[in-house]
Amino acid sequence: MSGPLAGVRVLDLSSVVVGPVCTGVLAEHGAEVVKLESPPEGDLLRRLGGKGRSPGMSGKFLNFNRGKRSLCIDLKHPLGAAALRRLAATADVFVTNVRPEAQRRLGVDAATLAEAAPRLIHCAIVGFGTRGPYAGRPAYDTVIQGVSGVAACFEASTGAPRYVPMLIADHTVGLIAAQLIGFALYRRERTGRGEAIEVPMFENMAAYVLMEHLGAMSFRPAIGPFGDHRVLSPEARPLPTADGYICLSANTDAQAHAFFDAIGRPELKTDPRFATVAARTAHTEEYFALRAEALKGRTTAEWLAIFDRLDVPAMPYNTIESLLRDPHLRAVGLIREEEHPTEGPTYAIGAANRLSGGEAPPARPAPRLGADGAAVLRESGFAETEIAALREAGALFDDPA
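Going by the working numbering, the sequence shown opens with residue 86, and the numbers climb by one from there.
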């Protein structure tokens, strides 16, 4: 079985998280992804991603770069730049999160690469769209969370702005980029033409926040304040039980009424504050407070059994550590153990999604810096003398040992 992107070659000039998320999804579904890294240290995530068993192979890097091959090439060297243009002619997709001006300096912008590869799908993930006044500014996930209003959601909820303690903007925009590449490949099948895609982090995350929380301010003039107060409520959190926490949501009338039966308060089904969706929405804080108070008297396991019987949406609360032991994740293959050829035993994060038409086999583990350089060039038509010339000129680094 092969993934839907089998036969698609991707050149990946991206680093850290947002670009590797995008190309990781493409690799997961069968694309050949060649990770272009700069000497001498390659992707910053090799070092920024925390501890590893060997230099340049952090745990985070392993997870974001499974299924890829590493070509470590100096694009600032004339021979390296020329090699990249030749490689582009063999590729279907080029992904980068290099800033637009740097793309032009390196000759990897969409217009330049289209000269060598008119069918190429060029995807540039940028901090800010190039049509606006913020174009070209540097951006990391936390910068985008702050400017896009994500951090402000916490201020509306708890009184103090803060960042989501995971790279939510990078992950979200990386997935959007992969989606748009799929759209562009489909259009190329019909037109035969490549195209340039621009995926701005700021605009995408601002749209995310506005769709969630513009609410009554969508109308002109506004008919109420911004925000879905059910989501912004400080009580919107895992609820304590007698021995831990439980994650519960009862939104429909049937679910809420079943919940009231479960906690032994059937009279609340006719309480004007809680009888209907509209009533519970208008009294969100009271509804959330009674839920929290009611669950303290039984254990998580007891509540889960009751809620399962009554079809109330509820699940146990997982820590990061307990996710590795979650029986469902183990059963569906999301979490598995594998032996990395140089890093030893590791946990591998598998594909979360399924396609009935076929899936790619388990992806290769994340590569050491430059490990596949000569092989990729050889497969792309480079002669041994040309590979040697790149190596001797210092434009190719392919001996990580």
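Simulated from the structure, these hints should not be mistaken for laboratory data.
There could be a bad hint or two in this list.
Stated by the list, open to error - Quick list of simulated restraints, FRET-style, between CB atoms:
| # | residue 1 | residue 2 | range |
| --- | --- | --- | --- |
| 1 | A473 | G214 | 26 to 34 Å |
| 2 | G329 | E370 | 39 to 47 Å |
| 3 | A327 | E297 | 31 to 39 Å |
| 4 | E464 | A386 | 50 to 58 Å |
| 5 | S139 | G329 | 31 to 39 Å |
Cβ coordinates follow ideal geometry from the N, Cα and C atoms, glycine included.
Hints, one by one, checked against the model:
1. Distance hint check: the CB atoms of A473 and G214 are about 43 Å apart, inconsistent with the given range 26 to 34 Å.
2. Taking 39 to 47 Å as the suggested C-beta distance range, the pair G329 and E370 does not conform, at roughly 24 Å.
3. The given range of 31 to 39 Å is respected by A327 and E297, whose C-beta atoms sit roughly 33 Å from each other.
4. Between E464 and A386 the CB atoms are about 55 Å apart, so this pair conforms to the stated range of 50 to 58 Å.
5. Against the hinted window of 31 to 39 Å, the Cβ-Cβ separation of S139 and G329 comes to about 38 Å, which satisfies the hint.
Hint compliance for this structure: hints 1 and 2 are broken, all remaining hints hold.
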